[in-house]
Amino acid sequence: MNRYWKLVNFELYRFLKLYVSLIALTIILQFTGVVVKSLSYVHQANSDIYEHGMSRAQFIEQNGLANFMQIAGSLWFLAPIMISATVILGYIFLIWYRDWFAKNRFIYRLLMLPTSRLTIYFAKASAILLMVLGLIALEIIILPFQLSLFQLLVPADLRQDIPITAVLGFQVLAIIIPGTWMQFVLHYLAGFMLVCVLFTAILFERCYRWKGLFLAVLYCAASVMVFIAPAILAAIRIIDFYPNELVSLEIVLGLVVMGAAVWISQFLLKNKITV
Amino acid sequence: MIEVQNISKRFGRKQVLKEVSFTANKGEITCLIGINGVGKTTTLKAIMNLTPINSGKIFIDQEVIQKDTYEKITFIPDANIMPTWMTIREACDFMKDYYKNWNQQRADDLMRFFKLNETDRITELSKGNTAKVNLMLGLSLDVDYVLMDEPFSGIDIFSREQIAEVVTSHLIEDRGVVITTHEINDIEHLIDKVVLLDNGVVLKEFTTEEVRLTEGKSVMDVMREVYQP
Amino acid sequence: MKRIRTLVTLAIIICLSIGTFYIYAAAEVKGYPKFYIKKEAGDDKEIRTLTLSAILSMGQFSEPVMISAEGSKYERELSFTEQLNSSFLVNDGLQVYRDKYHNFMRGKLMFL
Numbered sequence: 002m003n004r005y006w007k008l009v010n011f012e013l014y015r016f017l018k019l020y021v022s023l024i025a026l027t028i029i030l031q032f033t034g035v036v037v038k039s040l041s042y043v044h045q046a047n048s049d050i051y052e053h054g055m056s057r058a059q060f061i062e063q064n065g066l067a068n069f070m071q072i073a074g075s076l077w078f079l080a081p082i083m084i085s086a087t088v089i090l091g092y093i094f095l096i097w098y099r100d101w102f103a104k105n106r107f108i109y110r111l112l113m114l115p116t117s118r119l120t121i122y123f124a125k126a127s128a129i130l131l132m133v134l135g136l137i138a139l140e141i142i143i144l145p146f147q148l149s150l151f152q153l154l155v156p157a158d159l160r161q162d163i164p165i166t167a168v169l170g171f172q173v174l175a176i177i178i179p180g181t182w183m184q185f186v187l188h189y190l191a192g193f194m195l196v197c198v199l200f201t202a203i204l205f206e207r208c209y210r211w212k213g214l215f216l217a218v219l220y221c222a223a224s225v226m227v228f229i230a231p232a233i234l235a236a237i238r239i240i241d242f243y244p245n246e247l248v249s250l251e252i253v254l255g256l257v258v259m260g261a262a263v264w265i266s267q268f269l270l271k272n273k274i275t276v
Numbered sequence: 053m054i055e056v057q058n059i060s061k062r063f064g065r066k067q068v069l070k071e072v073s074f075t076a077n078k079g080e081i082t083c084l085i086g087i088n089g090v091g092k093t094t095t096l097k098a099i100m101n102l103t104p105i106n107s108g109k110i111f112i113d114q115e116v117i118q119k120d121t122y123e124k125i126t127f128i129p130d131a132n133i134m135p136t137w138m139t140i141r142e143a144c145d146f147m148k149d150y151y152k153n154w155n156q157q158r159a160d161d162l163m164r165f166f167k168l169n170e171t172d173r174i175t176e177l178s179k180g181n182t183a184k185v186n187l188m189l190g191l192s193l194d195v196d197y198v199l200m201d202e203p204f205s206g207i208d209i210f211s212r213e214q215i216a217e218v219v220t221s222h223l224i225e226d227r228g229v230v231i232t233t234h235e236i237n238d239i240e241h242l243i244d245k246v247v248l249l250d251n252g253v254v255l256k257e258f259t260t261e262e263v264r265l266t267e268g269k270s271v272m273d274v275m276r277e278v279y280q281p
Numbered sequence: 005m006k007r008i009r010t011l012v013t014l015a016i017i018i019c020l021s022i023g024t025f026y027i028y029a030a031a032e033v034k035g036y037p038k039f040y041i042k043k044e045a046g047d048d049k050e051i052r053t054l055t056l057s058a059i060l061s062m063g064q065f066s067e068p069v070m071i072s073a074e075g076s077k078y079e080r081e082l083s084f085t086e087q088l089n090s091s092f093l094v095n096d097g098l099q100v101y102r103d104k105y106h107n108f109m110r111g112k113l114m115f116l
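Protein chains in written order, with the working numbering: chain A, 2 to 276; chain B, 53 to 281; chain C, 5 to 116.
Please keep in mind that the hints were generated in silico from the structure rather than gathered at the bench.
Among the hints, a few may not be true.
[Claimed, not checked] Here are some chain A residues pointing at chain C (derived, C-beta under 10 Å):
#1 PHE11
#2 TYR14
#3 GLU140
#4 PRO164
#5 ILE178
#6 THR181
#7 MET183
#8 GLY192
#9 LEU247
The beta carbon of each residue, even a glycine, is placed where N, CA and C say it ideally should be.
So here's chain A without its partners, still in its complex pose (with noise of 0.2 Å):
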């Protein structure tokens, strides 16, 4: 078996714990938000209707329907995505950073494993997306399951039903799970670009230290430029562009970059990287 699917397999199996405490406070979150929230709604249309003597009506127009995007856009719902987020933008440091500080120094044992070093780098970012499209797979499982709970607690004179689509189509869910797959793939492809120029930037950080910092910080607002650069000459209206071209451009510069970061990390990794 390859030696790169193994070290896939090994990092994930290296953030397991950590892995399903996320999912855990996940489900728990988000199914405690969806309990709370629908039965605060009907909690208050029951005391407005039967102990103020409103009429159904009434209480709707004055509160409108119960809809599940208000749940899907509470703390509750958006706090565990963003912790998740949070964590795995931390572990794309740590992915390293504990090779070399943890009370092993296993970057030892890894730099000289009988591969390319870019296995390694590429192993360590697989195993980084692998993980955000594993949390990513947890929401789309967990949704149906939130609606029913939804439409249990809800009478359905009290909610309007909104297709799943729709639910995802706002706010940050629009960005994590977009509409369409070929938005999807070119989201989360753009996400991968992001790590490996962060482990780049790491990797900087790793081969010239305090010097390397300034390498990386350097380097990163040049990735960053040269992603942008297109969107801003377009903003300040030196060129303009239809929706198209702008898009395929960003595509070519987002594969330009990551080449970039890869062909940089390749030198590092081979030349400079020093444990």
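Dock chains B and C against the given chain A, drawing on the hints supplied.
Relative to the frame of chain A, chains B and C by itself:
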């Protein structure tokens, strides 16, 4: 043969290695001797391409190191380099997964010899046992060259004897071994070649047999001459 | 397989869940409300070139939709390249002119 040719290395302003050259042959035990901080470990790391050098060249069997070379040469550092959550068994499985030349039979033999318990977690090991695990993991690879960094430092006398016994035994018979140390009492009778380092410079490179036969001196005698003129 | 168990499990879950979702999402858009122009009186020909740019809004969600004599079409139903090429919200006839005149309305689109 490991050939180190004129390697120099700076850390910031500090010159750690200055034009260091020596060779280490297969089937011989070469000892890099010097007090702490003279660049012994750096030299070994440089051979393994774990740290860049500013100038000079290193060849292993006439080739510059690349990925397949790691099936041919191994480095046994003086600290643990396996994830601490692993058990000794899992560490072996890891090695087996990634190295074609892993020799499970030898790993089992060494574990028995060192009285290591394969279900122990690496994090719970004493310093002596950590060194033994390191040695076991490194020596269970069927490699031509073994680099050992301070295999005896901070280890109790009984463990030292065990380790010295392994070093002499058939386990490393026809391999090339490079050992760094600052005390040679335990292994003086084993070594074939000595490279004396000080302040990043090779002061003297000699074979033990040569000095014994021609000058009638022991390694300790030569060291005294060189370090305390 | 045993040695890459975590990876295989995760990959299968990801493919099944995300794959199913996008197949379902494509199907669900077909179930969005349909709009058509109902003839009360007059000449059919008059509305043949008419397109209404509209936005379907549900809760905080909104989705552009074009309504013409042929019925309604949501932006999501277009292929990816169609989505990029059409400026759905502005004018569907734009493409005709762009094909004819190379730089027609370049830089004049509302979101650029």
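Hint status (Cβ of GLY192 of chain A to nearest Cβ of chain C, threshold 10 Å): 14 Å, violated
Restraint: TYR14 of chain A near chain C, CB-CB cut 10 Å. Satisfied or not? Where the cut-off is 10 Å and the nearest Cβ of chain C is about 5 Å from TYR14 of chain A, the hint holds.
Can we keep the GLU140 of chain A interface hint, with Cβ of chain C closer than 10 Å? 9 Å, holds
Answer holds if the nearest beta-carbon of chain C is closer than 10 Å to that of THR181 of chain A; otherwise answer violated. The hint holds - THR181 of chain A has a Cβ within 10 Å of chain C, the shortest such distance being about 6 Å.
When the nearest CB of chain C is found for PHE11 of chain A, is that gap smaller than 10 Å? 9 Å, holds
Proposed interface contact between MET183 of chain A and chain C, which counts if any beta carbon pair is under 10 Å: 4 Å, holds
When the least beta-carbon distance from LEU247 of chain A to chain C is tested against 10 Å, hint result: 8 Å, holds
Given hint ILE178 of chain A near chain C, where the shortest CB pair must fall under 10 Å: 8 Å, holds
A closest beta-carbon separation below 10 Å is what the hint needs, so does PRO164 of chain A meet it against chain C? The hint holds - PRO164 of chain A has a Cβ within 10 Å of chain C, the shortest such distance being about 5 Å.
Hint violations for this structure: number 8 only, all remaining hints satisfied.
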